[in-house]
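The numbering of the sequence shown is this note's numbering, which starts it at 30 and goes up by one.
Errors might be hidden in some of the hints.
Straight-line alpha carbon distances no greater than 25 Å define the calculated SDA-like cross-link-like pairs of lysine to any residue that follow [what the hints assert, rightly or not]:
(1) LYS166 <-> LYS136
(2) LYS108 <-> GLU151
(3) LYS166 <-> ASP53
(4) LYS183 <-> GLY147
(5) LYS34 <-> TYR131
(6) LYS148 <-> SER201
(7) LYS108 <-> SER201
(8) LYS166 <-> ALA35
(9) LYS166 <-> LEU179
(10) LYS190 <-> LEU140
(11) LYS136 <-> ASP47
(12) LYS93 <-> TRP184
(13) LYS93 <-> ASN109
(14) LYS210 <-> GLN163
(15) LYS150 <-> GLN94
(16) LYS210 <-> GLY181
(17) LYS150 <-> PHE199
Across the chosen pairs, the derived CB separations fall in these ranges [claimed, not checked]:
(18) GLN137 <-> GLU63: 19 to 25 Å
(19) ALA214 <-> THR50: 23 to 29 Å
(20) GLU187 <-> ARG57: 33 to 39 Å
Bear in mind the hints are in silico, worked out from the structure with no lab data behind them. None of the values given here were measured: they were computed from a predicted structure. Cβ atoms here follow ideal geometry from the backbone N, Cα and C, with glycine treated the same way.
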Amino acid sequence: GEMTKAEIITELIETKCDVRTHRDRLCRLIGECENNVPDLLDLTFGGDDYLSFRASRILEFVCKQNLDYLAPHLAFFTKNISQVSHHSTKRVVGKICELIAYAYTHKQSNLTQETLTGKQKERIITACLDWMIQPEKMAVHAYAMQTLFLLGEKWVHEELKQILEDKMAFASVGYVARARKILKAIR
């Protein structure tokens, strides 16, 4: 049968999600978690920083292999993204939002397009706008701006443009480079 939540927790703790030392074990865990996304989401949003970051990493691997595994759980995922406080988990959740945005705007039809509702899209946009305003780490901003660019209608782009222009004066070289790219694409 599938791995229980307790077994997933044990694997997260014992492997520390270190791909170099525990590659096979993590590959097996990722395979198991494809059938147990709800427990992985519970751990990701569970509020325990140690577990949430590691669970989110496994979730990211699952989503990178096939985003369809997340599709049935987009309601739960989008309801919880705004509550993530740990910066490392936020980075991974931001990355997954970007994966969703790429799938949603892809030319080829896919399950994410069929599943993601307007309300869920709104929640992603809201979370990303919040992250853009907060003094988050660079990676969180990078994923958020790309997601907003992909998912946003005109008003979102206007808002994003304003935030980017305001922040660019004080931002790192990397931030400015990404911001310029997006500003150019918006115009």
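Notebook entry, point to check: Of the numbered hints stated previously, which ones are contradicted by the structure, given in increasing order?
Noted result: 1, 3, 5, 6, 7, 8, 10, 11, 12, 17, 19, 20
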